[in-house]
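Q: Using the sequences and the hints given, assemble the complete structure.
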Amino acid sequence: MPIYMDRHDVSKEVTAEIVAELHQKDLKIQHRFNCKGLTYWFDDKRKTAFCLVEAPNKAAIKEMHDQAHGEVPHRIIEVDNAIVESFLGRIEDPEKSQKTELNIINDPAFRVIMVVGVKPSSFRKVLDEKVNLLIKEQNSEIIKSLSCHDGRLVKINQDHFLISFDSVTNAIKCALEIQLNFKKNFNTNHDSPVKLKMSLNGGVPVDEKEGFFENTIKTAQSYYDLVVGKMVLSTEVKELYESENSNNSIASDSFVTLNPSEEKFLKDLVNFTEKEWCNPTLNIRDFTQYFGYSKSKLYRKIITLTGKSPNIFLKDYRLTKALQLLNKKDLNVSEVAFETGFNSLAYFSKCFQESFGILPSQYLKSRFL
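Under the numbering used here, think of the first position of the sequence shown as 1, with each following residue one higher.
If you're looking for bench data, these hints aren't it; they were derived computationally from the structure. Please note: incorrect hints may appear among the correct ones.
[Unchecked claim] Simulated crosslink set (DSS-like; lysine-lysine; CA at most 30 Å straight-line): (1) LYS230 to LYS136; (2) LYS144 to LYS183; (3) LYS195 to LYS350; (4) LYS275 to LYS315; (5) LYS295 to LYS328; (6) LYS155 to LYS36.
A: Shown next, in the form of structure tokens:
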């Protein structure tokens, strides 16, 4: 049977003990609905509870909750148990730490998501065996650091890792250690053969999006891909770290923090660009109309966040999409150029080479070696 996670937004009066009681009520009648309650998470600070249930469908879970205690979930999504475990660390109730009937679980589902990667400083170095060896060595150092700080490796992508942390403090300490090790091992000026980038964002597994931790991952990925700065934090992660550490601040030269208005602007920018980027007629006028900004205001906001003008931002966004398509090896260079909104193959090749230091045809050929 499929496995689902549901979200309950509870009142201020609800405690961990009450949630444990509700979980036990589910377990007592679950057989009547062909369900199996696996475990739950409760966040007393955010007043959210998440249940992991094996069930024939979403309706069965709603009926079980309704009959057991009346707390019908606000949202249910289907999940993969391996993915749940990689993010949250378990897929069943932990062993009882005390011999109590309720087995109260004080484990919020809030997690800090880190995106971290070491890349060649230029695509000219993609085929350089020494540079690739350096990247592998540094990736090994990253794995060691996350292991020392209780991080869980969720996914290995082509040029970065996706990591989950239960603790905000551990996530920040791990990030700072990775950053320090990188500085020790590599010259961090413009002549360095490799570059390090990190981003950290926090969130819960089920929100308004359908995917598991979808909003949190998407935001962390946008920080990693778009925001200028070697290490980028969300405001929430920074504030939680300072709260957990008696208001001790992180060294300001170690990271970039986006304020809430910048976070909202970046989210809106990414959503609009994702929707329209492949339209060959898309231009900056469309962005100004969407945001209701003057051209100069749009320029200031985008360049502050990304270090790029709006035109360069759009061009680089399309080139990144082109790179992803080339990596899939399903399309030739000409098809990729027109698929990503470039009207001219020659102009696409010129932009690609200026950005990545290699012609798209050469890059595509290297992917088959």
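Q: Under the constraints set out in the numbered hints, which ones does this structure not fulfil?
A: 5
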